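Chemist: What follows is the residue order along each chain.
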Amino acid sequence: MAPRSRRRPLAAGELAEAALLADLAVVLTVAGQIVPLGGALIALAAVPLAVAASRHRLRAVVAGSIAASFVGFLVIGTAALWTMAACTVLGAWVGASDRRGRSHRRTIVLGSVVLWPPVSIFVVGMMGVLSSLRELMLDQIRNGAKGSLRILEAAGARESAARTEEIVTWATDHWWVTAPVLMALLVPLALWVATGLSTPTLRRVHRAFAPPSGGAPATDAEPDRAAPSGSAPVGPVPVELHSVAYRFPGRRRVALDPTSLRLEPGELVAVTGPNGAGKSTLARLVAGRLQPSAGTIARPGAAGLGAVGGTALIAQRPEAQVLGVRVADDVVWGLREPETVDIEAMLTAVGLAGFAGRETATLSGGELQRLAVAAALARRPGLLVSDESTAMLDHEGRRALDDLLHEVARGGTTVLHVTHDSAEAAAADRTVSLGPAPAAIRVTPDGRPRRWGAGGPILELRGVGYEYGPGTPWAHRALRGIDLVVERGESVVVVGRNGSGKSTLAWIASGLLAPTEGEALVGGTPAIAVVGRVAVSFQHARLQLLRPRVGEEIAAAAGIDSAVTGRVLAALGLDPAFARRRVDELSGGEARRVVLAAALAGRAEAIVLDEPFAGLDAAGRADLGALLLTLRDEHGVAIVIVTHDADLPAALVERTVELEAGRIVRDERAATEDPA
Amino acid sequence: MSGARRVGTVTVLRLVPGNSPVHRLWAGTKLLVAAVLAVICSVRPTWPAIGACGAVVALGLLVGRIPLGAFPRLPRWFLVVVVAGAGLNLLAGVDPRVEILGVSIAVGGLEQWARFMALAVVLLTSGALVGWTTPLGEVAPAVRTLVAPLRWLRLPVDEFVSALALALRSLPLLAEEIRVLTATVRLRLRDERGEPVARFSVGLVLGQVHDLLGAAVVATLRRGRDVAEAITARGGLGGAVAADAGRPRTADALVLFAVGALTVAILASG
Chain A
3 MAPRSRRRPL
13 AAGELAEAAL
23 LADLAVVLTV
33 AGQIVPLGGA
43 LIALAAVPLA
53 VAASRHRLRA
63 VVAGSIAASF
73 VGFLVIGTAA
83 LWTMAACTVL
93 GAWVGASDRR
103 GRSHRRTIVL
113 GSVVLWPPVS
123 IFVVGMMGVL
133 SSLRELMLDQ
143 IRNGAKGSLR
153 ILEAAGARES
163 AARTEEIVTW
173 ATDHWWVTAP
183 VLMALLVPLA
193 LWVATGLSTP
203 TLRRVHRAFA
213 PPSGGAPATD
223 AEPDRAAPSG
233 SAPVGPVPVE
243 LHSVAYRFPG
253 RRRVALDPTS
263 LRLEPGELVA
273 VTGPNGAGKS
283 TLARLVAGRL
293 QPSAGTIARP
303 GAAGLGAVGG
313 TALIAQRPEA
323 QVLGVRVADD
333 VVWGLREPET
343 VDIEAMLTAV
353 GLAGFAGRET
363 ATLSGGELQR
373 LAVAAALARR
383 PGLLVSDEST
393 AMLDHEGRRA
403 LDDLLHEVAR
413 GGTTVLHVTH
423 DSAEAAAADR
433 TVSLGPAPAA
443 IRVTPDGRPR
453 RWGAGGPILE
463 LRGVGYEYGP
473 GTPWAHRALR
483 GIDLVVERGE
493 SVVVVGRNGS
503 GKSTLAWIAS
513 GLLAPTEGEA
523 LVGGTPAIAV
533 VGRVAVSFQH
543 ARLQLLRPRV
553 GEEIAAAAGI
563 DSAVTGRVLA
573 ALGLDPAFAR
583 RRVDELSGGE
593 ARRVVLAAAL
603 AGRAEAIVLD
613 EPFAGLDAAG
623 RADLGALLLT
633 LRDEHGVAIV
643 IVTHDADLPA
653 ALVERTVELE
663 AGRIVRDERA
673 ATEDPA
Chain B
342 MSGARRVGTV
352 TVLRLVPGNS
362 PVHRLWAGTK
372 LLVAAVLAVI
382 CSVRPTWPAI
392 GACGAVVALG
402 LLVGRIPLGA
412 FPRLPRWFLV
422 VVVAGAGLNL
432 LAGVDPRVEI
442 LGVSIAVGGL
452 EQWARFMALA
462 VVLLTSGALV
472 GWTTPLGEVA
482 PAVRTLVAPL
492 RWLRLPVDEF
502 VSALALALRS
512 LPLLAEEIRV
522 LTATVRLRLR
532 DERGEPVARF
542 SVGLVLGQVH
552 DLLGAAVVAT
562 LRRGRDVAEA
572 ITARGGLGGA
582 VAADAGRPRT
592 ADALVLFAVG
602 ALTVAILASG
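Line by line, the protein sequences are chains A and B. The first sequence begins at 3 in this note's numbering and counts up one residue at a time. The second sequence begins at 342 in this note's numbering and counts up one residue at a time.
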């Protein structure tokens, strides 16, 4: 491991992880204040901070924690500051102990000895300074105790009540003695709880993630912050790759086979190939984010990632690369001289005129990707690298972004566009195809699929409406007057734009939300009373996998014995060895397969899927489509797919329901039913 | 309907749409005022001080046209706590006493309890007022200006401001992740007979606490990696974290002067 210098400024990786983990602690703290008995949740807030401290320097933990406390202050006031301070001290100690490999007992005993004096001094000091507040608090304790003791007296325990009152009075009068004594009990107790809660999470994190930036290998190190304005002049194009290959440090498999490529100024080159062929690796090599393991890359100057006139990078997942709170903030994020940028002109160029003041959280995926292009243009880049930036978008958004990339290229910027859309590749000046993908887990349907007859209604929505935050200034109607009946063994595709109410419909159909009007029934029972009978595959499928391994996960999600998970996987044509895989290593498509397997094992009668095909390549789509057909045709599971994707596997599209502004505007069956 | 269902959907840090004078104030002014009120109330939790701070907050709510609907609905258990606390304080028999309908009641405890509650309400509302009237995007640049003097102490101010900008940006995303995680746990809760559990409670969530925490932390780390990647793609830390977000104007000077005068008056009056 590289020596950890206290003085070195924080790297992006350290700061981002620490800030987000502290943010998670704040979310837990706030939830703890709102939810009944939520106080228990506050104890959990130390865990994310322990993880941060086990991976990063104290400097990062403190910076993140102060920033997050500030956010907490805006939500629940000063209470957030005290809670976060306590959780940070606990988390920092537990995390640091974990890094040093201390045993539980040592962590608690040594921690008590080390932390008790400063904590006691701090508490007594604050009580001394805030004397009036202290007296008010102590009065609450005295009065509360006295009141309780009067009740006890009335019950006949006069003697002990008097004794107790004496003790309470003495303790509150001599608070400077009581507080340190209490701390001597509380500090070890809190350490014990924090250690116990943190250990399983720490263990899981260590398995799932490589050591963080502090010990990262040099090839993948953060380009240091001086790079954009550093010594080497920026000059990303023309760039020539000569037999460039890449292998991730410590991995056996080669991520990119030797590839040669030359990019001239102002041309648009498409890179195609199946998942796993090294497209993203190539993009990152060209962008200067990675250094090749073999071969050479020649440029007139530095790649200058993010620098003015250098290289700009647009990634696949729209929401993952947004850094600004408002649209205008995101355009200038990271710029050294933000005042020189005409934000409105940049936004107009990408078709987002008038969006400057909007919060980025309210933008659709297509709008976010165009915003990413605007942020790139603000740097007047010589080279724009698009790493599957169109993959998560709907048809319309994909076309608009592709047109925009062509326009950027006409403006003189070289564009390298990684895509698996054949139309986009055809429209490019040149196409580079990368080799075949390594073998993936394949769906092998056993036997002939047999069609279930109409099995009677399983899911019934009658006059369903939903309004978020009724009575608040943020009241927002998502659905109105929805009538929809889904039969067993049927598949329904619910299409609609962003904000049409699709996701709300999914939450109501699965019983996770109670409709504000009308009724949602599952097999005749209100959906809210039988949560779990309708399975759900969320768009962010990874979040649904709570257990460390696939087998355990399926068993836990379905409430079955883990010994039979192999049979479940086999029934779906998946390799039973899949059960031993770690969930934190799965791709998005594999994560969805696990969710479907768990739904089948849990005898779900219907499954609602939110954007199941987003981000999958052709092979992944075919596999998932086959899996869904197996569920529908062999097991009679009703399938509801909620999507803005126009091109789904045809066999799944029996019936299409279109939502617009919370209403059903179309409900039709496919014209030709394929006689199986 | 249980409260837990709203974890993450509770409307926190949301702007109440409007263009009132309070909305137009510089974000730094509002943050300073909220901080000063918190300090006054902590140092002098007396009726005059709490009253004065409450008046400032009430004025802000009024001028900012914050509707009653913006306030979070208080859960029933909270009312129970308030009433029970008041009862215990009444029983404590703290002087002074008042005669009501011929019964002598010691209301001293009640007074202390009321003061304690008023303090909590003022502290909570002052922070919320900032959130209701300030676009989140204005917070980080305002804080950057406010903490700039700390640069003289060679504190890493820019790191803190970058962390703050990221924390503000990520809060809604993390809240949504918690919402999905909680939903996931609800989907898999079964009773002894393997039937779905209708009632959902915090206790049931805590039963799955290790799975839930592990998944939440792993998801957060993954998001952190994305964010770090995005920062690198923008040329690393040290640059802008927000577009220009206004500066203090005359109205801000007036508000700060008024609150400053109030502070001096309260602290001097002892």
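Everything labelled a hint here was simulated from the structure, so no lab data went into it. Quick caveat, the model's predicted, so the values are computed rather than measured. Among these hints, one or two may not hold up.
[As the list claims (entries may be wrong)] Below, a sample of chain A positions facing chain B; criterion: calculated Cβ distance under 7 Å:
(1) A21
(2) I44
(3) A45
(4) V49
(5) F72
(6) G149
(7) A296
(8) A300
(9) A304
(10) G308
(11) A309
(12) G311
(13) D344
(14) R360
(15) T474
(16) F615
[Stated by the list, open to error] Ranges of calculated distance between the beta carbons of each label pair, as one might list FRET restraints:
(17) P416(B) x T433(A): 18 to 26 Å
(18) E339(A) x E452(B): 39 to 47 Å
(19) P497(B) x H208(A): 43 to 51 Å
(20) P416(B) x W194(A): 48 to 56 Å
(21) V422(B) x E339(A): 18 to 26 Å
(22) A427(B) x A358(A): 34 to 42 Å
(23) V422(B) x W178(A): 43 to 51 Å
(24) G359(A) x A594(B): 21 to 29 Å
[As the list claims (entries may be wrong)] So the derived list for chain A, only partly shown, Cβ under 7 Å to chain B, looks like this:
(25) L12
(26) A363
(27) S435
Ideal Cβ positions, reconstructed from N, Cα and C, are used throughout, including at glycine.
Chemist: Against this structure, judge whether each hint is valid.
Modeler: Status of the hints after comparison with the structure:
no., hint, in the structure
1, A21, "4 Å, holds"
2, I44, "12 Å, violated"
3, A45, "10 Å, violated"
4, V49, "5 Å, holds"
5, F72, "6 Å, holds"
6, G149, "3 Å, holds"
7, A296, "23 Å, violated"
8, A300, "22 Å, violated"
9, A304, "12 Å, violated"
10, G308, "3 Å, holds"
11, A309, "5 Å, holds"
12, G311, "11 Å, violated"
13, D344, "11 Å, violated"
14, R360, "10 Å, violated"
15, T474, "4 Å, holds"
16, F615, "19 Å, violated"
17, P416(B) x T433(A): 18 to 26 Å, "60 Å, violated"
18, E339(A) x E452(B): 39 to 47 Å, "59 Å, violated"
19, P497(B) x H208(A): 43 to 51 Å, "28 Å, violated"
20, P416(B) x W194(A): 48 to 56 Å, "30 Å, violated"
21, V422(B) x E339(A): 18 to 26 Å, "54 Å, violated"
22, A427(B) x A358(A): 34 to 42 Å, "51 Å, violated"
23, V422(B) x W178(A): 43 to 51 Å, "29 Å, violated"
24, G359(A) x A594(B): 21 to 29 Å, "25 Å, holds"
25, L12, "5 Å, holds"
26, A363, "5 Å, holds"
27, S435, "25 Å, violated"
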